[in-house]
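A.B. asks: One-letter residues, chain by chain:
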Amino acid sequence: MRKLEFAQARWKEPLIIELSEQGKVGFHGFPTAENRENILSCVPQQVRRESPPALPEVSEVEVMRHYTRLSQQNYGVDLGIYPLGSCTMKYNPKICDVVAASHKIQELHPYQDVSTVQGILQILYEASEFLAEIVGMDKITLQPAAGAHGEYTGVMLMRAYHHDNNDFERDEIIIPDSAHGTNPASAGTAGYKVVEVPSGADGCVDREALKSAVGRKTAGFMITNPNTLGIFEREILEMAGIVHDAGGLLYYDGANLNAILSKAKPGDMGFDIVHINLHKTFATPHGGGGPGAGPVGVTRGLTEYLPVPTVEFNGTKYYLDYNRPKSIGKVRAFFGSSAIVLRAYAYILLLGKEGLETVSTVAVLNSNYMAQKLRKIRGFSLPLGEGVPRKHEFVLSASNLAKETGVSALGVAKRLLDFGFHPPTIYFPLNVEEAMMVEPTETVSKLELDAMIDAFGKISEEAYANSDVIKTSPHATTVTRIDEAKASRPKTLQLTWQMKRS
Amino acid sequence: MRQMLKEIGYDTIDAMFSDIPQTIRSKAEIVIPQKSPECEVRQHVQGLLSKNVSTCDMVSFLGAGIWPHYVPAVVDAIVSRGEFLTSYTPYQAEVSQGMLQAMFEYQSLICELTGMEVANSSMYDWSTALGEAARVAVRVTGRDQFIVPHYIHPERFSALKVFCEPVDVEVTEIAQERRTGAIDLADLRKKVSDRTAGVYLEYPSFLGFVEQNGEEIGKLVHNAGGLFVVGCEPISLGILKPPGHFGADIVVGEGQPLGSHMNFGGPLLGIFASKGDALLRQMPGRIIGRTTTQDGKRNAYCMALQTREQHIRREKATSNICTNEALLAVAASAYLSLLGPRGLADLCSIILHRTDYAIHSLQNIRGIRAPGFDAFHFMEFTVNFDGTGKKVSEVNDELLRAGIQGGLDVSRFFPELGQTALYCFTEVHARKDIEMLADRFRKILGA
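Protein sequence lines correspond, in order, to chains F and Y.
For the record, in the first sequence the residue sitting at position 275 is 279 according to our numbering, with numbers rising by one throughout.
For the record, in the second sequence the residue sitting at position 188 is 349 according to our numbering, with numbers rising by one throughout.
Worth double-checking, as some hints may not be accurate.
[What the hints assert, rightly or not] Partial chain Y-side listing against chain F, Cβ under 10 Å, derived:
hint: 1; residue: Ser179
hint: 2; residue: Met284
hint: 3; residue: Ala465
hint: 4; residue: Asp535
hint: 5; residue: Ser572
hint: 6; residue: Phe575
hint: 7; residue: Leu606
Don't read these hints as lab results, they were simulated from the structure.
In this text, all values refer to a predicted model and were calculated from it rather than measured experimentally.
Glycine included, each C-beta is placed from N, C-alpha and C at the ideal position.
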């Protein structure tokens, strides 16, 4: 097996402001105005800036080198496995970026006459159709900027639906204890009370608990399936029945959609509203935190509430439909992150029907393979749902390791960095102690999986032999273990270079 | 694959999906096209895109919330680096110092530009940053009314309402003077009360004029115990007094002009900055802090104040935002660093020159009134066609036939303005483009 040795760049790169030298300008590519000083003096004194902002004064090449060095101090999917659970950090095919680098999308203004944007409207329309088919919904809005934004949109759609039916009593949203943090946050932000339902020993929502939680106050139920343990909620149809019978709607958190492409459609599980993370399942690059895109699909009964405008086709022309009187309005300015949708569209065409099915097949195979190998390593276990196959992700517990050696999930995560692997999500979901939530995705090879499994094995050995090397890890990264608490302590808080640290 | 299955004791792939109920599995087939080779995908997508007429193909005078600017090649090169592009939110700080430092620099640069103390590392766009700002004001003051100017961007207004309605926050408008566009201070005095959580000003305004009484408005709001929220277009702050210098508590804005392309509406970059300790703990979104390694030997960066956020606080979080617009924040940092104070002032001067040149070129055309407001304008101004007997839509159709995309028709949002369009002029417009527009107007209007 090829042995990876990892040492991340350590440039000790200063802040860009520390590179500043008076009088330097990095970019000279704009036309220059005659009478510059005259023009600037025409700005009314009352609104004129008294002194210029103290921005860095650096040359073009200094800017390029600064950010290139910073980039070398950053780990991405292009460098290796990135198995953050529920984040679906898969490889992003480069062709999708290539087609998005055209001025035919980059330099397109959203308010242009529709006759000049027929190409992109067709792409948005067809992407919507594909996405609707993939999740089994009737209509899609591409407006939401991210998954959580899609959730908020979805909750607003629920609200519009109930209000339109003259039902103003429903002020609760039911959410499993294992849900992503954004679910309760989205419901809470939209003014709903969150009712938490517990999961049982099988890792699935306790159906009886759900039954006693629903009622005439239930606006809806938000759940992801497979859930955050990577276990398919096999009673989903019964749960849908319980929620629907109580008059509530079912919301599908699409963060875990990568597990079920062509295996199960949320629409067939009884869901009414679905969000899709294009930056997860549909391989658009996550950009260090964003941009993403979180299109939302709905069933027929909810289409009239979707945000305006929708992209429509009348047989000859694509157009934007603003004439939707029952719409919730807009969840952001303009139509959505078109450049992200374009990448996802290219990805869907590239993979096609069989390619998407293979995505889920391989993602689930990789996940189960890794789960079965890792659970056998001393100190680790695969709690809840004994004997149940995992889907795209699984949750390992390092609680035995922590008890027996003092090495926690955090320690394992930091030590994994030394082996050149990005660690899994840790301490989530909340219903597993010392949780490590692993989502390998379909774009890692067996070689990489084995190498990472091997690293877990070595870390276990280290933990039981002499855990110092773990407790002082990471060693191979740009910086050693960071004092994160200090970053938030009032006395040491420093959030800008202008802010004095006391 | 078979070997992997065997090693973990499964006979078939299907066995790993056996827990999905048969009624669901049997319907799961996706009906979409078969896979295509990469070269065909490129051909197909480029073929569709070629039907678009971009602002490189024709002259366009659209702004109104997304503005045409030249993006320096270096900026695109930086944000195309795979290490930035394909990374996730920096949960593991030790291996993500590059992105974290870039975000810290972004926060610092935004504070410098806006005159504020703290910025988060991005929101989705201006409209959602505004919605979050209103919610912060409501939480901090415990009040339930948010006041906005009449000439607010209509899409921002709509998005704001979606943030306010579910928690019963009333959005109230203040009048603006018909002649100058200035906030009607008498009306504002009448409307602020002990119910007012915040007052919002757009600076420059949606219609391009620049409010001169920011300081007075701020005082009025503060005297009433509310927060002063200012929305801005960031390039203008190269020469305009930053909102932090006239009393803003929260600054929001659209960061797209700072090195990101228009991309038919997105992704965009929501700016969110604030002042004061009370607001810090109420801020939405990720904030990056500077700290040290545990051994104290080196400076390092990581996410700070995470107890505000959804992954910790769940339904009590200050916002539900998780994924943000980090990559566009890197672009903004690179852009502001490239320009520096001198370059930014140069850019502002060329934009002012073009704006001024356009006003002079258009205002003498018979029947046209430009600008529609008697005020200082930056980058955008309204053009009124009431005296020409033509509608904006008719004028725009004729412009389009001549290969020109006219300004945004704002008469549908503000009927009292009559037949009015919003025109935008930046460094991408050459003098000859403006002259061509004036000539075309004369031909269309027979003036």
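A.B. asks: Does each hint fit the structure? Answer for all of them.
C.D. replies: Going down the list of hints, with the structure as the test:
no. : hint   : result
1   : Ser179 : holds, 7 Å
2   : Met284 : holds, 9 Å
3   : Ala465 : holds, 4 Å
4   : Asp535 : violated, 12 Å
5   : Ser572 : violated, 14 Å
6   : Phe575 : violated, 16 Å
7   : Leu606 : violated, 19 Å
The structure fails to meet hints 4, 5, 6 and 7 from the earlier list, while all remaining hints are met.
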